[in-house]
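Build the full structure now, drawing on both the sequences and the hints.
Which chain is which? The protein sequence lines are A and B, in order.
FYI, in UniProt numbering the residues of the first sequence are 1 to 342.
FYI, in UniProt numbering the residues of the second sequence are 1 to 336.
Worth flagging that the hints you see were computed from the coordinates, not collected in a lab.
One should not assume that every hint holds.
[Stated by the list, open to error] Cut-off 20 Å, straight-line C-alpha distance, at most; resulting in silico cross-link-like pairs (SDA-like, lysine to any residue):
{"no.": "1", "chain 1": "A", "residue 1": "K59", "chain 2": "B", "residue 2": "R30"}
{"no.": "2", "chain 1": "A", "residue 1": "K151", "chain 2": "B", "residue 2": "K56"}
{"no.": "3", "chain 1": "B", "residue 1": "K10", "chain 2": "A", "residue 2": "F129"}
{"no.": "4", "chain 1": "B", "residue 1": "K2", "chain 2": "A", "residue 2": "R171"}
{"no.": "5", "chain 1": "A", "residue 1": "K151", "chain 2": "B", "residue 2": "L28"}
{"no.": "6", "chain 1": "A", "residue 1": "K151", "chain 2": "B", "residue 2": "S94"}
{"no.": "7", "chain 1": "A", "residue 1": "K151", "chain 2": "B", "residue 2": "L27"}
{"no.": "8", "chain 1": "B", "residue 1": "K10", "chain 2": "A", "residue 2": "E124"}
{"no.": "9", "chain 1": "B", "residue 1": "K10", "chain 2": "A", "residue 2": "N131"}
{"no.": "10", "chain 1": "B", "residue 1": "K10", "chain 2": "A", "residue 2": "L126"}
{"no.": "11", "chain 1": "A", "residue 1": "K151", "chain 2": "B", "residue 2": "S292"}
{"no.": "12", "chain 1": "B", "residue 1": "K10", "chain 2": "A", "residue 2": "W121"}
{"no.": "13", "chain 1": "B", "residue 1": "K10", "chain 2": "A", "residue 2": "G128"}
{"no.": "14", "chain 1": "B", "residue 1": "K10", "chain 2": "A", "residue 2": "V132"}
{"no.": "15", "chain 1": "B", "residue 1": "K10", "chain 2": "A", "residue 2": "L125"}
{"no.": "16", "chain 1": "B", "residue 1": "K10", "chain 2": "A", "residue 2": "R171"}
{"no.": "17", "chain 1": "B", "residue 1": "K56", "chain 2": "B", "residue 2": "A112"}
{"no.": "18", "chain 1": "B", "residue 1": "K10", "chain 2": "A", "residue 2": "L134"}
{"no.": "19", "chain 1": "A", "residue 1": "K151", "chain 2": "B", "residue 2": "K2"}
{"no.": "20", "chain 1": "A", "residue 1": "K59", "chain 2": "B", "residue 2": "L31"}
{"no.": "21", "chain 1": "B", "residue 1": "K10", "chain 2": "A", "residue 2": "W168"}
{"no.": "22", "chain 1": "B", "residue 1": "K10", "chain 2": "A", "residue 2": "V122"}
{"no.": "23", "chain 1": "B", "residue 1": "K10", "chain 2": "A", "residue 2": "V95"}
[As the list claims (entries may be wrong)] Now the stretches of chain B that chain A is said to cover, found in silico as 3 or more residues with beta-carbon under 8 Å:
{"no.": "24", "segment": "3 to 17"}
{"no.": "25", "segment": "20 to 26"}
{"no.": "26", "segment": "144 to 152"}
{"no.": "27", "segment": "156 to 166"}
{"no.": "28", "segment": "270 to 282"}
{"no.": "29", "segment": "307 to 315"}
Cβ coordinates follow ideal geometry from the N, Cα and C atoms, glycine included.
In case you want the letters, here they are:
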Amino acid sequence: MSTPNVSSVAVADEAATPRSNPFRSLNLSARFWVALGLVVLVLVLGGAGYLYPTSPSEKVGSLYDAPGGGLVLGTDNFGHDVLAVLMAGTRTSLVIGLLAGVIATTIGVTIGLVAGYVGGWVEELLMGFTNVVLAIPSIIVLILISISLPKSNMWSLAVVIGITAWPWTARAVRAQASSVATREHIDVARLSGARLTGILVRDVLPYILSYAVMAFVLQVSGAILAEAALSMLGLGPAGADSLGTQLHWALAFQAVASGAWWAFLPPTIVLTLVSFGFLLLQASLDEVFNPRLRRGKRKQMKQTQARRLAEAQAAAAARPTTPARTGVGAGSARTADRGGRP
Amino acid sequence: MKLGQYIARKSLWYLVALVAAVSLNFLLPRLVPGNPVDVIVSNLARGGSVSGEQQKQIYEGFVQQFGLDAPLWQQFLTYLGKVFSGDLGTSFASYPTSVNSLLGDALPWSIAVQLPAIVIGWVLGNVVGAIAAFRGGNWDRSVFTSSLFLSAMPYYCLSILLLYALAVVAGVFPVGGAYSLGNSPSFSLGFLTDALQYYWLPFLSLVIVFIGGQAVGMRSMAIYELGGDYVNYGRAMGIGDNRITRYIFRNAMLPQITGLALSIGTLVSGALITELVFNYPGVGTLLFNAISQNDYPVIQAITLIITLAVLASNFLVEIVYGIVDPRIRAAASGEK
Numbered sequence: 001m002s003t004p005n006v007s008s009v010a011v012a013d014e015a016a017t018p019r020s021n022p023f024r025s026l027n028l029s030a031r032f033w034v035a036l037g038l039v040v041l042v043l044v045l046g047g048a049g050y051l052y053p054t055s056p057s058e059k060v061g062s063l064y065d066a067p068g069g070g071l072v073l074g075t076d077n078f079g080h081d082v083l084a085v086l087m088a089g090t091r092t093s094l095v096i097g098l099l100a101g102v103i104a105t106t107i108g109v110t111i112g113l114v115a116g117y118v119g120g121w122v123e124e125l126l127m128g129f130t131n132v133v134l135a136i137p138s139i140i141v142l143i144l145i146s147i148s149l150p151k152s153n154m155w156s157l158a159v160v161i162g163i164t165a166w167p168w169t170a171r172a173v174r175a176q177a178s179s180v181a182t183r184e185h186i187d188v189a190r191l192s193g194a195r196l197t198g199i200l201v202r203d204v205l206p207y208i209l210s211y212a213v214m215a216f217v218l219q220v221s222g223a224i225l226a227e228a229a230l231s232m233l234g235l236g237p238a239g240a241d242s243l244g245t246q247l248h249w250a251l252a253f254q255a256v257a258s259g260a261w262w263a264f265l266p267p268t269i270v271l272t273l274v275s276f277g278f279l280l281l282q283a284s285l286d287e288v289f290n291p292r293l294r295r296g297k298r299k300q301m302k303q304t305q306a307r308r309l310a311e312a313q314a315a316a317a318a319r320p321t322t323p324a325r326t327g328v329g330a331g332s333a334r335t336a337d338r339g340g341r342p
Numbered sequence: 001m002k003l004g005q006y007i008a009r010k011s012l013w014y015l016v017a018l019v020a021a022v023s024l025n026f027l028l029p030r031l032v033p034g035n036p037v038d039v040i041v042s043n044l045a046r047g048g049s050v051s052g053e054q055q056k057q058i059y060e061g062f063v064q065q066f067g068l069d070a071p072l073w074q075q076f077l078t079y080l081g082k083v084f085s086g087d088l089g090t091s092f093a094s095y096p097t098s099v100n101s102l103l104g105d106a107l108p109w110s111i112a113v114q115l116p117a118i119v120i121g122w123v124l125g126n127v128v129g130a131i132a133a134f135r136g137g138n139w140d141r142s143v144f145t146s147s148l149f150l151s152a153m154p155y156y157c158l159s160i161l162l163l164y165a166l167a168v169v170a171g172v173f174p175v176g177g178a179y180s181l182g183n184s185p186s187f188s189l190g191f192l193t194d195a196l197q198y199y200w201l202p203f204l205s206l207v208i209v210f211i212g213g214q215a216v217g218m219r220s221m222a223i224y225e226l227g228g229d230y231v232n233y234g235r236a237m238g239i240g241d242n243r244i245t246r247y248i249f250r251n252a253m254l255p256q257i258t259g260l261a262l263s264i265g266t267l268v269s270g271a272l273i274t275e276l277v278f279n280y281p282g283v284g285t286l287l288f289n290a291i292s293q294n295d296y297p298v299i300q301a302i303t304l305i306i307t308l309a310v311l312a313s314n315f316l317v318e319i320v321y322g323i324v325d326p327r328i329r330a331a332a333s334g335e336k
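Have a look at this one:
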């Protein structure tokens, strides 16, 4: 989802602005492309399962058949094709990660926005609640909810992970929102009679969108790892393959001790790629949004500044750019639409 | 904000968190539709490993232990009373062993692996991170990238890779367990040297991840401090580099010390899956077995212990910080 997100913003930008290359103004680093490459690789692996002829639940061999003879990665403890299971498992993990990420980011941003903007006892109450939830380790709540659910499937697991992962997003968003709340344009909106939800969505949210996007990226990878941890403990989704359940069975059937590397290395590597790729993506997005973090790239920054200056001069006659649009990539199509019709 | 007020406020919130945690611990497993005892006993019966007589015993033991015929609020009070008197109940799966003794067997293993890993990893990680920040250049880039990779890697993935590479392929360490078959835990030299063989792999896997995480944190803190106004001012005043470095180091260390304290709070829970991978007889393995056997009292006891440890260390850190740094107290009045 992070890929369509970025590209759709870019498409909207291109349609709306006279600027020559919207990507250049984002100043994406090499690190970003490496990160994006890793994430896309994992997405492709998950998607490829739709094209792969063998079903992950089809018995094609016996216990831990070595790779070869048409089976690229051999068989697992059930005699299933490891590659088929890996692709299905990657897909399940990605779906759980994305759904949980959306839920956690939505709850976190909403609570953080309201608390930071409204202030007073509302803020006190919401942040108190957030801090209480934050203080209780989420893996514990996950374990408790998972043993309480009579049967967990991937959807319920995603919801459970999502509703335990929001607090740190809420805290960070609150800090940003309360600083935005003191700016002049908010007063203007308030004086002109805009309603609370209108101000929150149109005047405060755009300023924290870049932050929300980064938080979302981390939430997705966090959720994928949480699912893997739960599954390895034996609380995974029933009747579905995920990266965690694959490792669970490999460990339960002594794949490591018996040297059946094809049964446990692929999910281990994919989990590492997911984790590293998403973290790198977040760090490089942070550099894009926060120029102060760029280090040892003076030359590049000078070039960018010069280019921005030239672009600004060229665009000055056309129309002033709104602050929310530069760099942030404004995230939603709605903002881009408004910007397109000045 | 005054110190007393700060402490009172923090105490209040942590009390709320404690009540919430204990209530969740009590309530969530009781949300299972139907009588939880029925579910457990029917699960045991399906497993076929428990005889009818044992089933009845477990059933009655559980009903009696938690007073399941009483109203919920009364059950909660009974539960609280037992927890606070240090009685964590009786295990289903290894009836009639008490949960206390199961935990007592598992906890020392977890702590023995975690505590040295955290302390040594913390020291090494901070040194590596600080050097990377001060030196910059290629050294920094390679250290940062590899630390980021190590800290981003799920800790259990590194465990699996190390186990395979060093134990299965290279054969340097034994594969899984905590001591040789036929040996039994004791404080003799023979047992300790034997256990040390099995100790290295889980320890290594934890310490490497920890070094990575600490180095990333220390590096970014030191870089942040390097750009501080006081550094420029000090340089302009002609203060020597060594002294400035010392100031930078001191300021960058503060959050790292918090990190150390918080890590010690996750002592019990930090290696749950590492223990599974290495088949190490700590809390993680106990939890895994309890989950696979629906051993609710054990699961609840472990979750409770972990939560209490985390809450206590967070609380202590916040209080100590409030005493040490008045800016935190000032920020707390704005931040709640």
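field: Straight-line alpha-carbon gap K10/B to G128/A, limit 20 Å
entry: holds (10 Å)
| task | Measure nothing beyond the straight line between the CA atoms of K59/A and L31/B; if it is 20 Å or shorter, mark the hint as holding. | result | violated (37 Å)
Please work out if K56/B and A112/B have their alpha carbons no farther apart than 20 Å. Violated, at about 39 Å.
Are the Cα atoms of K10/B and N131/A separated by 20 Å or less?
holds (11 Å)
Practice task
Would you check the hint for K151/A and K56/B, treating anything up to 20 Å between C-alpha atoms as holding?
Solution key: violated (25 Å)
Below or equal to 20 Å on CA atoms is what counts here, so check K10/B against W168/A. Given pair K10/B, W168/A holds - Cα atoms ~18 Å apart, limit 20 Å.
Requested in this report: Check whether three or more residues of the segment 20 to 26 of chain B sit with their beta carbon closer than 8 Å to a beta carbon of chain A.
Outcome: As far as the segment 20 to 26 of chain B goes, the hint holds, because 4 residues have Cβ atoms under 8 Å from chain A.
Checking one constraint from the list: CA of K151/A to CA of S94/B, max 20 Å. Satisfied? Violated - the C-alpha atoms of S94/B and K151/A are around 24 Å apart, more than 20 Å.
Q. Do three or more residues from the segment 144 to 152 of chain B put their C-beta atoms closer than 8 Å to C-beta atoms of chain A?
A. n = 3 at 8 Å, threshold three: holds.
Discussion item. Next pair to validate is K10/B with E124/A; report whether the Cα-Cα distance is within 20 Å.
Written reply: holds (13 Å)
Cut-off 8 Å, C-beta pairs, minimum 3 residues; does the coverage of the segment 3 to 17 of chain B by chain A stand? holds (count 4)
Need the status of pair K10/B, W121/A: alpha-carbon distance at most 20 Å? holds (17 Å)
Violation of the numbered hints given earlier is confined to hints 1, 2, 4, 6, 17, 19, 20, 23; the remaining hints are satisfied by the structure.
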